[in-house]
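Chains as they are written, first to last, in my numbering: chain A, 198 to 495; chain B, 618 to 866.
What the hints contain is simulated information worked out from the structure, not anything from laboratory work.
A hint or two may mislead.
Think about it this way: if two alpha-carbon atoms lie no more than 25 Å apart in a straight line, the pair counts; the simulated BS3-like pairs of lysine-lysine are [as the list claims (entries may be wrong)]: (1) K624/B x K316/A; (2) K316/A x K620/B; (3) K363/A x K624/B; (4) K264/A x K363/A; (5) K279/A x K316/A; (6) K624/B x K279/A; (7) K264/A x K620/B.
A quick note: this is a predicted structure, and the numbers were derived from the prediction, not measured.
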Amino acid sequence: MAIITVDHLRKTYGTRVAVEDVSFSVEEGEIFGIVGRNGAGKTTTVECVAGLRTPTSGTITVEADLKEQVGVQLQECTLPDKIRVGEALALYASFYSRPADWRALAEEAGLDPRAPFAKLSGGQRQRLSVALALVGSPRVAILDELTTGLDPRARRETWDLVARIKERGVTVLLVTHFMEEVERLCDRVAVISRGRVRAVDTPAGLIARAGGEQRLVFHTDEPVDALRSLPEVASVTVADRGGAGTADGHGAEVVVTGTGDLLSAVAAVLPPSRTRGLRMERTTLDDAFLVLTGTEES
Amino acid sequence: MTKAFGKLAAVEARLFLREPLAVFFAIVLPVGLLLGLGTTIPGFRDADPSLGGQRFVDAPFTAMMVLLSIVTLGLSVLPAGLVLYRERGVLRRLSTTPVRPSALLSAQLLINVVVAVVATTLTLVLGHLVLDVPLPGSPWAFAAVFVLGTVTILAIGLLLAAVAPSSRVVQGVGSTLMFPLLFLAGMWLPRPLMPELLRRISDFTPTGAFGQGLMDALGGQAPQPLHLAVLAGWALAAGAAAARLFRWH
Numbered sequence: 198m199a200i201i202t203v204d205h206l207r208k209t210y211g212t213r214v215a216v217e218d219v220s221f222s223v224e225e226g227e228i229f230g231i232v233g234r235n236g237a238g239k240t241t242t243v244e245c246v247a248g249l250r251t252p253t254s255g256t257i258t259v260e261a262d263l264k265e266q267v268g269v270q271l272q273e274c275t276l277p278d279k280i281r282v283g284e285a286l287a288l289y290a291s292f293y294s295r296p297a298d299w300r301a302l303a304e305e306a307g308l309d310p311r312a313p314f315a316k317l318s319g320g321q322r323q324r325l326s327v328a329l330a331l332v333g334s335p336r337v338a339i340l341d342e343l344t345t346g347l348d349p350r351a352r353r354e355t356w357d358l359v360a361r362i363k364e365r366g367v368t369v370l371l372v373t374h375f376m377e378e379v380e381r382l383c384d385r386v387a388v389i390s391r392g393r394v395r396a397v398d399t400p401a402g403l404i405a406r407a408g409g410e411q412r413l414v415f416h417t418d419e420p421v422d423a424l425r426s427l428p429e430v431a432s433v434t435v436a437d438r439g440g441a442g443t444a445d446g447h448g449a450e451v452v453v454t455g456t457g458d459l460l461s462a463v464a465a466v467l468p469p470s471r472t473r474g475l476r477m478e479r480t481t482l483d484d485a486f487l488v489l490t491g492t493e494e495s
Numbered sequence: 618m619t620k621a622f623g624k625l626a627a628v629e630a631r632l633f634l635r636e637p638l639a640v641f642f643a644i645v646l647p648v649g650l651l652l653g654l655g656t657t658i659p660g661f662r663d664a665d666p667s668l669g670g671q672r673f674v675d676a677p678f679t680a681m682m683v684l685l686s687i688v689t690l691g692l693s694v695l696p697a698g699l700v701l702y703r704e705r706g707v708l709r710r711l712s713t714t715p716v717r718p719s720a721l722l723s724a725q726l727l728i729n730v731v732v733a734v735v736a737t738t739l740t741l742v743l744g745h746l747v748l749d750v751p752l753p754g755s756p757w758a759f760a761a762v763f764v765l766g767t768v769t770i771l772a773i774g775l776l777l778a779a780v781a782p783s784s785r786v787v788q789g790v791g792s793t794l795m796f797p798l799l800f801l802a803g804m805w806l807p808r809p810l811m812p813e814l815l816r817r818i819s820d821f822t823p824t825g826a827f828g829q830g831l832m833d834a835l836g837g838q839a840p841q842p843l844h845l846a847v848l849a850g851w852a853l854a855a856g857a858a859a860a861r862l863f864r865w866h
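Put together the whole structure using the sequences plus the hints.
Below is the structure:
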């Protein structure tokens, strides 16, 4: 059942169009990603869902009490410098009728309840922000640009925290521009560009839409023409290195593209022991994103 | 909801006490000036014919120190705190919870009123014990002027918070306004010594009316209707403008 439904959302600020036409629905219990470049309209979209902004047109339905059951982590929201982690969590817990155990949340987020906000690192602040979004035991958590500006380690720790939110059965609406974050966390993603949805799919589905092609690259001295007749193979290219390929002992460089179980099919004809430096390249989510949004600057 | 407000007010109170500058300027400085200058400058404790025979430390100085504390709260502590909360998105973040951001504003107002009461009580009691300053001759009149004046100054603070674009601006504007307003109240030149025209201008300023009202009530006289009317007028005008112009984010 869809817990969030956004139908033809449009939001303008004066003459500037922030969101042109956005529709998607989020199923209960999933992590739904909204990806797009800076300025694509991601934040405006989720702020409309959170009730912070009023849509210019279109409808948004959230099957939960917006204040009680939707926890929000906003971009560029900080706390007073001198408030302690435990004070902030206990305070926000007091706002809700059925709060979570804030001490357990602090522990799960790896935060010292006595630490003042000003002394927290970027990663700790983001994890506190997530904990504050969860302290009311929400059914939906909206997380906006959670890991922007964090170092890789802090980013991973934050991802672990988000993955555990899903285990509690909380639906997560996640705004991001990191494809790695999408791949790690999201069940489904809406790709937004210039205020419009370009695709809604699983991460694997997005890759398949962008071609989903695989490339095998290796060096060999063996003949490779037999590979061309394999159904999995789309093309075989042998780099013309003027005979130098065999002279340096590595053989000519061969690039085989195709789909399906390309590696097994090629290996059946050409044993990998006769090749050197074999590697496989796939379309990544980054490639898919570029294909789906075009290469426009935004 | 009341539980949430209580919790909010308690946290805000603790945050106030963790700001040494706010505690210093709103409480320590006014009380310290009264006791420090009152005990060391001999002339301050002599009956002064130009002040109607009372000592300078009595109604004039004591009233100014009460005023100093409340003006510091209203023109600096309150607006700077609110604008910083708006700047940091605290008010916006609150609007996504079951608690309205106006609860935080109410909590801030409450803290400022409580601090004003504490600073005023300390000023009166310590002034009485150390300098033998008489306690307010008309306690009810003093309480009425105190409440009306505090509401007026805090309403002006809310208006500042409503229109200031950033916390840096609000601090600059607050302290720039503070000096002329304190001067017109008689902080450096007591109102009885002011030239007629200046005193007339002072009558119509919020701090001039507040200061004279406090002096009258401390000295055991009824505050003048003009000063009460001036305070009420400023409170209504600033309060209405603040309510119209206040931005939560």
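Now the hints, each set against the structure:
| no. | hint | verdict |
| --- | --- | --- |
| 1 | K624/B x K316/A | holds (23 Å) |
| 2 | K316/A x K620/B | violated (29 Å) |
| 3 | K363/A x K624/B | violated (30 Å) |
| 4 | K264/A x K363/A | holds (20 Å) |
| 5 | K279/A x K316/A | holds (9 Å) |
| 6 | K624/B x K279/A | holds (16 Å) |
| 7 | K264/A x K620/B | holds (17 Å) |
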